[in-house]
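Trainee: Spelled out from the first residue to the last, the chains are:
Protein chains: 2
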Amino acid sequence: MNKSIFYHAGCPVCVSAEHDLLNLIDPESVEIIHLGENKEKLGDAQAAGLKSVPALVTPSGNVLHINFGAALSDLQG
Amino acid sequence: MNKSIFYHAGCPVCVSAEHDLLNLIDPESVEIIHLGENKEKLGDAQAAGLKSVPALVTPSGNVLHINFGAALSDLQG
Numbered sequence: 001m002n003k004s005i006f007y008h009a010g011c012p013v014c015v016s017a018e019h020d021l022l023n024l025i026d027p028e029s030v031e032i033i034h035l036g037e038n039k040e041k042l043g044d045a046q047a048a049g050l051k052s053v054p055a056l057v058t059p060s061g062n063v064l065h066i067n068f069g070a071a072l073s074d075l076q077g
Numbered sequence: 001m002n003k004s005i006f007y008h009a010g011c012p013v014c015v016s017a018e019h020d021l022l023n024l025i026d027p028e029s030v031e032i033i034h035l036g037e038n039k040e041k042l043g044d045a046q047a048a049g050l051k052s053v054p055a056l057v058t059p060s061g062n063v064l065h066i067n068f069g070a071a072l073s074d075l076q077g
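These protein sequences, in sequence, are chains W and U. Numbering follows this note's numbering, with no gaps: position 8 of the first sequence is 8. Numbering follows this note's numbering, with no gaps: position 47 of the second sequence is 47.
Watch out, some of these pointers could steer you wrong.
Which copy is meant is left open, so a pair is good if it fits within one copy or across any two.
[Said to hold, decoys possible] Mimicking SDA-like on lysine to any residue, the simulated pairs with C-alpha atoms at most 25 Å apart in a straight line are:
(1) K51 with N62
(2) K41 with N62
(3) K51 with E37
(4) K3 with V15
None of these hints come from the bench; they were simulated from the model.
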């Protein structure tokens, strides 16, 4: 099975969601990407359909936007 | 460990999120409540902090609103 990818930006909403999700999902099955520290991944995230963080991209390619921390556009530039 | 509760209302966004989440989380650890068919649960959902569906209430009591299907107020009355 492909891994899920959890995108976040270090905001309190992101950290809270990350903590909760990783209690529910096998941590081995999730790759975690901090878009604030890895801006070169913004293109991948947008291509996957990400609009905001935190969000989980599932192995089937669906994007689950979880609560709302920051818009992707706020992380650019 | 307490169960998580996944609240939904049968909308396409809800069903898609449910399908994806249940592939990632042990189905035994999640209770699923259809608020459209169980309106008597709306009070519990609001008390938990739910604003919209689909949403997952984690064992620690945090509410993860996932994407956006419907506002809770649309399910009332």
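Trainee: Look at each hint and say if it fits the structure.
Mentor: Tested hints:
1. Proximity of K51 to N62 under the C-alpha cut-off of 25 Å is found in both arrangements, the shortest distances being 12 Å within a copy and 22 Å between copies.
2. Taking CA atoms no more than 25 Å apart as the test, K41 paired with N62 passes inside one copy only; the shortest distance there is 18 Å, against 28 Å between copies.
3. For the identical chains of this complex, K51 and E37 are intra-copy neighbours only, at 17 Å inside a copy versus 31 Å across copies, given an alpha-carbon limit of 25 Å.
4. In this assembly of identical chains, K3 and V15 lie within 25 Å of each other by CA distance both inside one copy and across copies; the values are 19 Å within and 21 Å between.
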